[in-house]
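For the sequence shown, the numbering used here puts the final residue at 175, and the numbers step up evenly by one.
Since the hints were made in silico from the structure, they are not lab data.
Certain hints may be false.
[Unchecked claim] Listed next, the in silico BS3-like pairs over lysine-lysine satisfying Cα-Cα at most 30 Å (straight line):
no., residue 1, residue 2
1, Lys126, Lys78
2, Lys170, Lys67
3, Lys126, Lys67
[Unchecked claim] Computed beta-carbon distance windows for the label pairs:
no., residue 1, residue 2, range
4, Leu174, Glu104, 18 to 26 Å
5, Glu172, Val146, 31 to 39 Å
6, Leu175, Arg122, 17 to 25 Å
7, Arg156, Glu107, 28 to 36 Å
8, Pro82, Asp121, 22 to 30 Å
9, Pro99, Arg156, 30 to 38 Å
10, Thr100, Asn166, 15 to 23 Å
11, Leu175, Pro99, 38 to 46 Å
12, Glu107, Val146, 34 to 42 Å
13, Thr100, Ser164, 16 to 24 Å
We treat Cβ as the ideally placed atom computed from N, Cα and C, and that holds for glycine.
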Amino acid sequence: MTEKVIVVEGSSDRKRIAPLLDEPVDIICTNGTASPTRIEELLEPYEGADIFAFFDADRSGEKLRALLRREYPEARHLYTDRVYREVATTPLRVLAEELLSANIEIKTEFLL
């Protein structure tokens, strides 16, 4: 188990974020699932890890964010700008800066 886990909505979000990371971080997908039971099942193996939520700036993302806030109040929430709407369509540099602001190590080429 890694010390950090990022929860995203879908595999396209995971594929967008993974190449930026310069430390071991698990990225798990909810696949749009918004039930407390499913979130608990996904995160149970990460008890004690730092949890980060990185959801789209849309209604579905806000639903998941609210659920995660309720179930895991210690989770840190990362945001993409509404102008980009989705994590998967956010420019890499913007994603890198948001992840870096959460003390997640990023490959330097994405910060230039």
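Does the beta carbon distance between glutamate 172 and valine 146 stay inside 31 to 39 Å, or does it fall outside?
violated (24 Å)
Quick one: are arginine 156 and glutamate 107 within 28 to 36 Å, going by C-beta?
holds (34 Å)
Quick one: are threonine 100 and serine 164 within 16 to 24 Å, going by C-beta?
Violated, since threonine 100 and serine 164 (Cβ atoms, about 31 Å apart) do not stay within the stated range.
Is lysine 126 within 30 Å of lysine 78, Cα to Cα?
Holds - the C-alpha atoms of lysine 78 and lysine 126 are around 22 Å apart, at most 30 Å.
Just tell me: holds or violated, for the beta carbon distance of glutamate 107 and valine 146 against 34 to 42 Å?
Holds, since glutamate 107 and valine 146 (Cβ atoms, about 35 Å apart) stay within the stated range.
Against the range 22 to 30 Å, how does the distance between the Cβ atoms of proline 82 and aspartate 121 compare: consistent or not?
Between proline 82 and aspartate 121, where Cβ atoms are some 23 Å apart, the hint holds.
Sort out whether lysine 67 lies within 30 Å of lysine 126, counting only the CA atoms.
holds (22 Å)
Pairwise beta carbon distance, proline 99 to arginine 156, judged against the given window 30 to 38 Å:
holds (35 Å)
Pair hint outcome, lysine 170 versus lysine 67 [Cα-Cα no greater than 30 Å]:
holds (16 Å)
Has the hinted range 38 to 46 Å been met by the Cβ atoms of leucine 175 and proline 99?
Distance hint for leucine 175, proline 99 holds at roughly 41 Å.
Do the Cβ positions of leucine 175 and arginine 122 conform to the proposed distance bound of 17 to 25 Å?
violated (34 Å)
C-beta pair leucine 174, glutamate 104: status relative to the range 18 to 26 Å that was hinted
Hint violated: Cβ distance 35 Å, outside 18 to 26 Å.
Going through the hint list in order, the structure does not satisfy hints 4, 5, 6, 10 and 13.
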